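Protein chains: 2
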Amino acid sequence: MLDLLKSHASVRKYKDEPISDETFHELLHAAQHAASSNFVQAYSVVRVKDPVKRDKLAELSKNRKQYESAALPLVFCADLKRLEHAVSLHGKEILAGATESFLVAVIDTALFAQNFVVAAESKGFGICYIGGVRNNPETISELLELPDHVIPLFGMTVGVPEETNEVKPRLPVEAILHEDTYDESKYDEILTKYDSVMEEYYRSRTANNKNSGWTDVMAAFLSEPRRTYMLDFLQSKGFLKDT
Amino acid sequence: MLDLLKSHASVRKYKDEPISDETFHELLHAAQHAASSNFVQAYSVVRVKDPVKRDKLAELSKNRKQYESAALPLVFCADLKRLEHAVSLHGKEILAGATESFLVAVIDTALFAQNFVVAAESKGFGICYIGGVRNNPETISELLELPDHVIPLFGMTVGVPEETNEVKPRLPVEAILHEDTYDESKYDEILTKYDSVMEEYYRSRTANNKNSGWTDVMAAFLSEPRRTYMLDFLQSKGFLKDT
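Chains as they are written, first to last, in this note's numbering: chain A, 168 to 410; chain B, 168 to 410.
No false leads were slipped in.
Treat identical chains as interchangeable: a pair holds within one or across any two.
Result set (BS3-like, lysine-lysine): computed pairs, CA atoms no more than 30 Å apart in a straight line:
no.	residue 1	residue 2
1	K353	K220
2	K335	K353
3	K290	K220
4	K408	K353
5	K360	K216
6	K229	K259
7	K229	K180
8	K259	K335
9	K353	K216
These aren't lab readings, by the way, just hints derived from the structure by calculation.
Quick caveat: nothing in here was measured; it's all calculated off a predicted structure.
So here's chain A without its partners, still in its complex pose (with noise of 0.2 Å):
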């Protein structure tokens, strides 16, 4: 089971093979079993099968390949309208707009999401997230008719896969636990001796072999400012209103 979770590596080309409905009811059954904010299940994943609107998907999420070739296209959205149908058959609102009401419904589909991932790899497809859903989140809030209170997360392609990227090192675990409290000062000597073994990685893989290690990629891509619009976007659709 870890040796299955270690080998998560993208995959963003994928055998012309269909997942079957059973198939994936199945895998979206399974991965609804994760655990859920006092089990509000505040998400949704809309599944793109109509070819027009794939390809405006893709394209509006700079992901045309791996949308392309994937037997599901999918969108996973935060998701608190369903919550407001329940409370409304008790004459109830909820307060979608409450900073944790939103951090909540981002969680819950983050587990199911994460959970979704490794039941699928467990049956030997592959996926790959794709963030490239917040490059466009309005107009494809428009074309997946996405009402108030639903945003798309993130998206993902699932699929017998064509070619698997290589598995990434991972920070070591130093890195990433802390022991009763916050340590930062050890993290220049950690982070160092990871570039090396980013670097050694990146030198020696197959395909899109470069010249770099790890905090210099961080440093070029995290200066930059990204999705500036986001803020007034989750507004836009009724999130983040207690500001």
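Based on these hints, arrange chain B on the given structure of chain A.
This is chain B only, laid out in the frame that chain A set:
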């Protein structure tokens, strides 16, 4: 594998059996292979060993019983601080205050945590997510000396199960799955049926049986304000500052 996922239920009482550092690190290492947005790996785990700190954490998160008996009392943190160190090695700064950066860190942390849960449960351990650390996030941050750009997202207890809760029936797949477009017209019928399923479950379960369904529990729970300080707290830690 799907059977393992489907058997998940929270464990709130543990046997007095330790988990070795070796095993714990092995679980963490496997869990780190969850996907990470642009490989930023924006999470940390604080393990609380010190009994005084553990008791305080238990009290602050209002989960005394679990935290007292668990072999591993953990706090999972969304963490952009390590990335600050990484990019500072190259004379740069990250945009930690951007809503998109916050989203990335929260999702990264949740994917990692759920992978950790699957790893732990595959080894026969039980777990319980503790959303209750968000009851007193400021005091818990002080207790664990979390710097800016690190927040306690949720806690977790891990150990050898003494008692396991029963598995709750999840929403039917058709409630969470949409085809091409989001369809909320189906909810009222599906949720009414699901209420009957949950009523039967709550009536017949061995512990804490009660007379309720799902929508009424949600209505009672979600219509009251909760953790209304959350946005202020997050901003005080340097997140969501693009408002």
